[in-house]
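**Student:** Grab the two chains, each in its own frame, and use the hints to assemble them into the complex.
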Amino acid sequence: MDAVKFVQEQNITKKDFPEFQAGDNVEIVYNIVEGGKERPQAFRGDVIKWSGEGATKTFTVRKISHGVGVERIFPINTPNIIEIKVLKRGKVRRSKLYYLRALVGKRAKIKEKRTYK
Amino acid sequence: MNGILGRKVGMTSIYDESGKNVACTVIEAGPCVITQVKTQSSDGYNAIQLGFGDKKEKNTTKPLQGHFAKANSVPKRHVVEFRDFSGEKELGDEILIEDVLLEGDIVNVVGTSKGKGFQGVVKRHGFAGVGDATHGQHNRQRAPGSLGASSYPSKVIKGMRMAGRTGGDRVKLKNLRVLKIHAEQNILVVKGAVPGHKGSLVIIEK
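Protein chains in written order, with our numbering: chain A, 1 to 117; chain B, 1 to 206.
A portion of the hints provided could be inaccurate.
With a cut-off of at most 16 Å between alpha-carbon atoms, the simulated EDC-like pairs for lysine to aspartate or glutamate come out as follows [what the hints assert, rightly or not]:
hint: 1; chain 1: B; residue 1: 20; chain 2: A; residue 2: 19
hint: 2; chain 1: B; residue 1: 198; chain 2: A; residue 2: 2
hint: 3; chain 1: A; residue 1: 5; chain 2: B; residue 2: 28
Some chain B residues flagged as far from chain A (calculated, every beta-carbon gap over 12 Å) [as the list claims (entries may be wrong)]:
hint: 4; residue: 1
hint: 5; residue: 63
hint: 6; residue: 64
hint: 7; residue: 71
Calculated from the structure, these hints are not laboratory results. In this text, a Cβ means the ideal position worked out from N, Cα and C, and glycines have one as well.
Just chain B, same shape as in the assembly (with noise of 0.2 Å):
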């Protein structure tokens, strides 16, 4: 699995070959550096570990200064590892948009949901809520409704969807089509929305 991390910069629309307007969400994508080369024989398994977003030096523990020092590289924010990365790789080594991606690939984008308090049934879990504002329903058009049975089994199933916290949840998307690679910019545009809010991590996978 090939990747790269970046920054969800915002959303805009631009025109494709055929005139066509299309939503597509830009990402500062990369650079990013290898902080950590796992092997069958070291770990049991083939991975590379992928820094990105420089942090300060007193902000870092001196565990994690020691693990970035060893790949000779600034203390990094985000810390990400991909399984069988595709390629030579050294540790130290820079990886940037063009060593993954190519314009018109297919790609999953993966990112922090924004958060959105406590929810209802309706927003959480798509319920169609009662559906009749009169015939005498009083104040509970979003209302979840029957949750069970009664005296058999006298209690509420395990994953019985209930209101609750909503959002802030790790979200992977699946084929999201690579629109634009501006690689001198750092800047990659995907067609269509990503989650999570403006600044936050996307990691990008191919």
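Bound-form chain A, shown alone (with noise of 0.2 Å):
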């Protein structure tokens, strides 16, 4: 399996994105292509679970968009991401959050994880 660790690593442009992990509230913005021009979008949601190992990793995203459930897989190594912002973090007690998938309204809201000094 070298030989297929050694093609990932070549591959792949290591990034400085901050960690976070599932429960956390991010922004992830990122370029899709639209009419044959590349531009930025946003998405902001929960992360609800990491997936993979290594060069493939990956983590989904889910928001509520206009009262539908939407959710988004990111590959973690993938270029076209430009930037993740953390802008909260969220106190859960699993890795995998398919639970929020059945929740609406308040209750599918998660706790932010508050640090004091």
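**Tutor:** Structure below.
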């Protein structure tokens, strides 16, 4: 498997993104192709899971848009992500927050993790 | 026809220039050794024979040991002939990826597909199956159906597609693009899947 790892390492460029985990509220700014042109677009929501290993690692962001749940999977190493902002740290007890899909309104809200000095 | 021998290492995905995620296969290709040069005058056709992958001398028969010794090479596990190899090639020459391929080339890849054992007609020949679970069907959803007419011809015609051993055949996949070549590491990356299990021999033809 070393050759596979080598190919992956040659392909990706490490970017300095802040660390975040399931439950955190993040804003992802990424390039989309629209009408043959590239433009940045932001996607803001809660991270509900991390998946995969190494170069093919992905995370899923969920948001409620006009009352409809929208999820988007981002590979962390894709060259299309420009910026990741961590807006809130969430207080959750599991790594996969699938239970949020069944909840709406205030119940679907993740408590914020507060740190005091 | 140019070509090189290699070992399938595994699959992964990489990003191309436009940022698209492309599935690809990693192949450890070469170095190969020319173990025989056939010419029009001596053999009736032009070809070269490539050897790939070392094997122990004690596991090689005496006649083969002599064959590899002629090319000043250690015994090779796999030996494959390529017809009309372009360029002047000498016995004992080493062939690397760079000598044969460039990034962006279109290649054919030959391998031995994974053995799947005794399989029914749906997997083996792509039959559609019965399609209905109700309306009188009882445990025959994946059955082949009729094998032909009755009293005439009173036999099943030859070549009727039926269940049987599947996989383990020589398969050639055509028109795969070479995405990357890491010459120093003898690594070749082609777009898409390649026949065979990890570690199996693949022949890359151009």
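**Student:** It remains to establish, for every hint, whether it holds in the given structure.
**Tutor:** Evaluation of the provided hints:
Restraint check for residue 20 (chain B) and residue 19 (chain A): the C-alpha separation of about 24 Å exceeds 16 Å, so the hint is violated. Between residue 198 (chain B) and residue 2 (chain A), the direct Cα distance comes to roughly 13 Å. Compliance with the 16 Å bound is thereby established for this hinted pair. A C-alpha spacing of about 13 Å is found between residue 5 (chain A) and residue 28 (chain B), which places the hinted pair at or below 16 Å, so the restraint holds. With a cut of 12 Å on Cβ distances, residue 1 (chain B) stays outside the contact zone with chain A, its closest approach being about 26 Å.
Even its closest Cβ contact with chain A, about 34 Å, leaves residue 63 (chain B) beyond 12 Å, as expected for a residue assigned away from the interface. No Cβ of chain A approaches the Cβ of residue 64 (chain B) within 12 Å, the least distance being about 29 Å, so the stated non-interface status holds. Listed as outside the interface, residue 71 (chain B) is consistent with that label: its C-beta sits roughly 27 Å from the nearest C-beta of chain A, beyond the 12 Å cut-off.
Of the numbered hints given earlier, the model fails hint 1 alone.
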